[in-house]
Amino acid sequence: MEIPYTISTRPDTGLWNAKIGIWLFLASEVMLFGGLFSAYVFLRLDAQPGEWPHGLLNVPVGTMNTAILIMSSVTVVLAWASLKMRRYRPYWWYMLATITCGVVFLFVKLYYEWPQKFEHYGVFLKPEVREKYEQYLGNHRREEKGLEPRIEITGHLENHEALKDANIKEYEIAVDPIYADPNNPVNDRPHFLYVPPTDKVVKIGKEDVDRVDSFGPWHSAYFASYFTITGLHGMHVLGGVLVFLYMWLPVSKKVYQRNPEHLANRVEVSGLFWHFVDLVWIFVFPLFYLL
Amino acid sequence: MDASTFEIHHDAHAHAGEHEHHELGFWRKYIFSTDHKVIGIQYGLCGLVFLFFGFSLMMIMRWQLAYPGQGLPVIGKWLPYFFGANTMPDGKMTPEFYNSLGAMHGTIMIFLGVVPVAFAAFGNFVVPLQIGAPDMTFPKVNAASFWAFAVGGAIMLTSFFVPGGAAKSGWTSYTPLADIADKGQGFNPVLNGQSMWVLGFVFLITSSLLGAVNFITTIIQLRAKGLTWMRLPFFVWAQFVTAFLLLLAFPPLEAAAIMQFMDRTAGTSFFLPAGMIVNGVPAHISGGGSPLLWQHLFWFLGHPEVYVLILPAFGIVGEILANNSRKPLWGYKSLVFSVLVIGFLSFIVWAHHMWLTGMGSTVSAFFQTTTLLISIPSVIILSAFFISLWGGSIRFNVPMLFVSAFLPMFGIGGLTGIPLAFNSADLYLHDTYYVIAHFHYIVAPGTIFALFAGIYYWFPKATGRTMNEFWGKVHFWPSLICMNVIFLPMFLQGMLGMHRRWYDGGQGWTLAGEHIWGLTGFQWNTPISWAAWIMGLAQIPFIINFFWSIKHGKKVNDNPWEATTLEWTAPNRPPHGNFVTPPIAYRGPYEYSLPGRVKDFTMQNEPVEPAERSRRMAEPAVVH
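Chains as they are written, first to last, in our numbering: chain A, 1 to 291; chain B, 1001 to 1624.
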């Protein structure tokens, strides 16, 4: 006996095997990302005032990546529709467009957004000395307005050797615009456009500092979840791209020539996966970039 | 993919599997096979080996508990050569090694032993045969599932041999302890016990995900013609719900495992609160994490996992019970709905493992209620099984012996769980030997006995021969007695207040302790340990019987137990593709001893005679 319903549908369920398979797989994926997102909620609700950073990500770039992913979701549907109409050429082009979108997304993430974070530093001040740095923090005014206090000073670290060398007694940091002008109402809310650090260098004595960390996963619970979730999401994007690549290469044309419906079904299930990966990003973007 | 072309086997009995279109080589046929039966047997053999290995770890621990600080005789001086010099110098167990053994005993028994055998082995071998399918829907995914399991198991085993030894933070790997264990000087950042435990888990979870997708799709899509949902054998229902539990409960643990791995290697603080002091030094961490988060994610898997362990056992018990009491399974529909309700409720009871964390009384009240609710379907199932015995002419063959032991043993395990469901009672009993006794009664003389029953029962289908009855009984009776000598006193120890993780078996504490039946809690360790070692010996007849019977057991026909379900219509040692012709089901799964029939059993594929049809007008003969 052969395994039935690999391509044709079973009459009483109206489905072929892989379609059930992919939906079950996606249910499992929902629980996987659900676990991570619930960790985000848990940690964010637990965070003390000022502990959860805002506005540290590049919103325009994130918006662009969002648009790229949504576009790829459209092109993958068009690719599938082309196959359903038995038109291989348009399929080939739409698939290429989808793959390109996925690659561009990953490229932006890996070669632009992530590396930028590792150059940025946050200097966490001991609670008792924050008053000393009031001119950079502007906490008096924030308290009056009922805003969360600032607990760190961020920017580009000018003397990296201070991290290792115990003889250097202070950190020199070219601060972000917020700390150059802390009482300006423009800085109450995160900026939409990315603003590079100023050339104003602030010296912070080591005895005043709790810890200094770059914006890596070790910086805070916020960046820990950011890197973990976007990392896992990136691996899903990569997986999707590899699967699409396989379906785009000549090897899959043979499947098409043998039974075009077979390839259409394959594109349909991998397209469902792609939509899911897209949907995860739709949650990631507001949670990390905007809120 | 034309379903109407079927291969005809002229002599499928004698030369099953040799009449293929193309003869597969040894490697493709037995090692990298995509055939569900071979994969099932691979899972089964690996799982049984892991079960015995995990049990052996406990047998070593039992020496330390009964005779703390004394050198282990005979094998004690050899173990350091195997596990490393720092584990048992002069045969005396170090505290670190004791912790490793405890953590790995739990991990191996559950995730590498019972789940692979109960779900993957029996599910793979039996489910497609019972639903009249040629194979699983995704044979390659099925093979990938086994190999992911094999890699995960290999990683877990290898972790014994890295510097520092295997994971030692308990099988639950509670944070922050697990985050900071096996770290720092002398430890590789990745190749250390705890990190490898986490990595091994990622593979095991992938394996169970692939298996679960396959099982559910197979049961939905590949049921034989006429095999409607309410004609499915109870075992198939049990596996169906189990697959959903694995599909949905395991991923949050994978998320947690990823986060713990990040904590251990990438410097994140998912589970680390601010201000931690490790070895007297303030830890350089960002803080802001929550140790409780790990517990929530772990038990969100952990509790459904309990039902992953017990539901397949229910399924096996149901099949064997109906077959050997020669009666229809009593209350088939209530059994099916109970299993479904258990599946649903098992997702909302997890926090009853966390009464001591101070979640707050509202949360506790909620989980206390759901926990008590879930005992209702469990009691329905056990009652239905007991009632099924009523008035039957019971055949006490070896599978049935194990099943009849399962019923009271599971009953003890289940009923002793009720005090733990109340948070006020649990405050006292939490983390004592009482808890150990409670869940071992469910898993050891419960699930594992059901697994033995299943092995004796389906052995003829896989090999064409039965296992020896006499040696089966020699296996059964000592195992049953030892199980009870091991676990019954643990209830007493637990009620005396003995903590489950004490390295010295409670020797220091017991000086002030009370006596119960003439022995202190500590002194009870001695009979328990001896029973454990004797039970180890009692498995030898099983092992010999198992391998000896493959070649030399009594040859039997395709349906040696005179059973009704579809797997017994397939030839013994079913060939690739299983059935000679696609089976059609005309009736329910348990038509035993029905009045007016010639035989005392009617198989599901026997067509309905006109006389019978008029009797059951209400139901159409074939429903697709």
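Honestly, I wouldn't trust all of these hints.
To be verified - Quick list of in silico lysine to aspartate or glutamate cross-link-like pairs, EDC-like style, CA-CA up to 20 Å:
(1) A:K126 x A:E2
(2) B:K1225 x A:E2
(3) A:K132 x A:E148
(4) B:K1140 x A:E2
(5) A:K126 x A:E148
(6) A:K169 x A:E113
(7) B:K1029 x A:E2
(8) B:K1225 x A:E148
Claimed, not checked - Short derived list, chain B residues pointing at chain A, Cβ under 7 Å:
(9) A1266
(10) G1288
(11) P1610
(12) A1611
Since the hints were derived computationally from the structure, they do not count as laboratory data.
Glycine residues also receive a C-beta, built at the ideal position from the N, C-alpha and C atoms.
* Any of the earlier hints contradicted here, and which numbers? -> 1, 6, 8, 11, 12
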